[in-house]
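Peer 1: Here are the chains, one letter per residue:
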Amino acid sequence: MDPDAVAKAFVEHYYRTFDSNRAGLANLYQDGSMLTFEGAKTQGAQAIAAKLASLPFQQCMHNISTVDCQPSGPAGGMVVFVSGSLQLAGEQHPLKFSQMFHLMPTPQGSFYVLNDIFRLNYA
Amino acid sequence: MDPDALAKAFVEHYYRTFDTNRAGLGSLYQEGSMLTFEGAKTQGAQAIVAKLISLPFQQCQHQISTVDCQPSGPAGGMLVFVSGSLQLAGEQHSLKFSQMFHLMPTPQGSFYVLNDIFRLNYA
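Same order as they appear, the protein sequences are chains A and B. All the letters of the first sequence, read from the start, carry residue numbers 1 to 123 under UniProt numbering. All the letters of the second sequence, read from the start, carry residue numbers 1 to 123 under UniProt numbering.
Chain A with its partners taken away, still in its complex shape (with noise of 0.2 Å):
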């Protein structure tokens, strides 16, 4: 599959979980996941979804603005960087984001997401 239609793929349907079932996206992740969110770091599957689940809110929608993809190296690996804004319930004004993910590829012939940089992006 040409790398820019995995790595939309992957976006959107990351994005479609988080908004719906956060809980989900723990299956995106294994044990040597990395996540930096705001700059708080979790590793492993389970914290993360924790760390995710745990954010103080219940109801958002991403809104993706623009996707880059690289291969990473010789493992397979693929990065991605997404742009994009994101809209809480009951707040007024959405919130801009950048956000990268490193995924590899599994036994399985899919991806999971072994590094993952979440930063909000203030005016």
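Just to be clear, a hint being listed does not mean it is correct.
Stated by the list, open to error - Here are the simulated DSS-like cross-link-like pairs (lysine-lysine), alpha carbons at most 25 Å apart as the crow flies: (1) K8/B x K41/A; (2) K41/B x K8/A; (3) K41/A x K51/A; (4) K41/B x K51/B.
It is worth saying that the hints were derived from the structure and are not from the lab.
Given the coordinates of chain A, work out where chain B should sit on it, guided by the hints.
Peer 2: Coordinates of chain B only, in the frame set by chain A:
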């Protein structure tokens, strides 16, 4: 060396070089390096430097707000995620940007940039 310290040192060196001697960035990339700059893709140190030199401004100054890093896998690489602002000479307002680097170790014990993705963060 502590990874966070390494990332910080790289970021300082990268943007200082960018702001004072843009052609000097060539030594940070290799043949297989990839740059995606505002969606435009380039590959290889020579082409990347040519792209950066061709950007439509003479002088600029980067101001870094955040630096996040994570190890990127068994090859000893490191992902570095930066956000900050960019002041172009003669422009009244600075531009906000996010950028990610995937650094890979060299045999000499240094790092080079394998992946580089840059995006402006529009208000």
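Peer 1: Give a verdict on every hint.
Peer 2: Hint-by-hint comparison with the structure:
no., hint, in the structure
1, K8/B x K41/A, "17 Å, holds"
2, K41/B x K8/A, "17 Å, holds"
3, K41/A x K51/A, "10 Å, holds"
4, K41/B x K51/B, "10 Å, holds"
Violation of the numbered hints given earlier is absent; every hint is satisfied by the structure.
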